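Here the protein sequences line up with chains A and B, keeping their order.
Quick note on the numbering used here: the first sequence kicks off at 6 and runs consecutively.
Quick note on the numbering used here: the second sequence kicks off at 64 and runs consecutively.
Careful: at least some of the hints might be erroneous.
[Said to hold, decoys possible] In silico DSSO-like cross-links for lysine-lysine, where the CA-CA straight-line distance does not exceed 27 Å:
{"#": "1", "chain 1": "A", "residue 1": "76", "chain 2": "A", "residue 2": "62"}
{"#": "2", "chain 1": "B", "residue 1": "158", "chain 2": "B", "residue 2": "132"}
{"#": "3", "chain 1": "B", "residue 1": "131", "chain 2": "B", "residue 2": "112"}
{"#": "4", "chain 1": "B", "residue 1": "131", "chain 2": "A", "residue 2": "62"}
{"#": "5", "chain 1": "B", "residue 1": "121", "chain 2": "A", "residue 2": "62"}
{"#": "6", "chain 1": "B", "residue 1": "158", "chain 2": "B", "residue 2": "121"}
The set of hints was computed from the structure by calculation and includes no laboratory data.
As the structure is a prediction and not an experimental result, all values here were calculated from the model.
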Amino acid sequence: DTGVSQDPRHKITKRGQNVTFRCDPISEHNRLYWYRQTLGQGPEFLTYFQNEAQLEKSRLLSDRFSAERPKGSFSTLEIQRTEQGDSAMYLCASRPPPGTGGTDTQYFGPGTRLTVL
Amino acid sequence: AQSVTQLGSHVSVSEGALVLLRCNYSSSVPPYLFWYVQYPNQGLQLLLKYTTGATLVKGINGFEAEFKKSETSFHLTKPSAHMSDAAEYFCAVSKTSGSRLTFGEGTQLTVNP
Numbered sequence: 006d007t008g009v010s011q012d013p014r015h016k017i018t019k020r021g022q023n024v025t026f027r028c029d030p031i032s033e034h035n036r037l038y039w040y041r042q043t044l045g046q047g048p049e050f051l052t053y054f055q056n057e058a059q060l061e062k063s064r065l066l067s068d069r070f071s072a073e074r075p076k077g078s079f080s081t082l083e084i085q086r087t088e089q090g091d092s093a094m095y096l097c098a099s100r101p102p103p104g105t106g107g108t109d110t111q112y113f114g115p116g117t118r119l120t121v122l
Numbered sequence: 064a065q066s067v068t069q070l071g072s073h074v075s076v077s078e079g080a081l082v083l084l085r086c087n088y089s090s091s092v093p094p095y096l097f098w099y100v101q102y103p104n105q106g107l108q109l110l111l112k113y114t115t116g117a118t119l120v121k122g123i124n125g126f127e128a129e130f131k132k133s134e135t136s137f138h139l140t141k142p143s144a145h146m147s148d149a150a151e152y153f154c155a156v157s158k159t160s161g162s163r164l165t166f167g168e169g170t171q172l173t174v175n176p
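Make a model of the complete structure from these sequences and hints.
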């Protein structure tokens with residue numbers, strides 16, 4: 006059973022550019038979460054999906070951020086017109102559906118580190 | 064709203080010494096509580112969790128934590144530190160199974176030889 010994977014692992018971009026990250030959850034996991042972690046801080050919740058439906062968005066998710074999970078499998082997080090304050094580690098996590106073991110546990114991927122110059 | 068406070072952003076212990084990382088939470092409902100560990104440039108790995116039942120929970124790598132409702136605490140302990148325990152540790156809380164996690168700011172554990 007492979008874990009959560011994220012691509013790319015590192016991204017360096019110039020201010021004002023758009024970036025897109027991808028997350029592939031563990032197979033059969035129906036919930037997928039995005040968090041952002043800035044240096045020296047704990048992760049902060051951004052949004053989550055149940056299958057293809059986006060069920061909750063944090064106020065941290067400004068208009069420049071959009072997330073999708075079109076077929077209920079992988080997800081993408083896009084940031085438009087990046088700002089230096091967007092520099093952070095973007096973490097993805099997934100959770101198995103009810104009725105299986107470990108439904109209260111979120112399994113995290115390795116993260117995508119974004120640097121905005 | 065839920066919140067988590069981790070006392071001590073940096074903790075340093077000698078190899079073989081007791082590890083104690085403190086976590087206090089606030090929650091309007093019975094919480095689900097978690098400890099995660101993060102090694103440099105990696106994601107988070109679950110150490111242990113409390114959902115219901117026994118308040119003393121055991122996790123991987125010899126760690127354990129005790130849920131104390133009266134103290135709103137969920138401190139993480141390990142009897143004897145190993146060099147490989149050096150990492151950042153995060154306490155987290157959620158309202159329900161599978162809902163968003165709210166994390167503390169983390170505690171960086173250093174283990175000295």
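Any of the earlier hints contradicted here, and which numbers? 4 and 5
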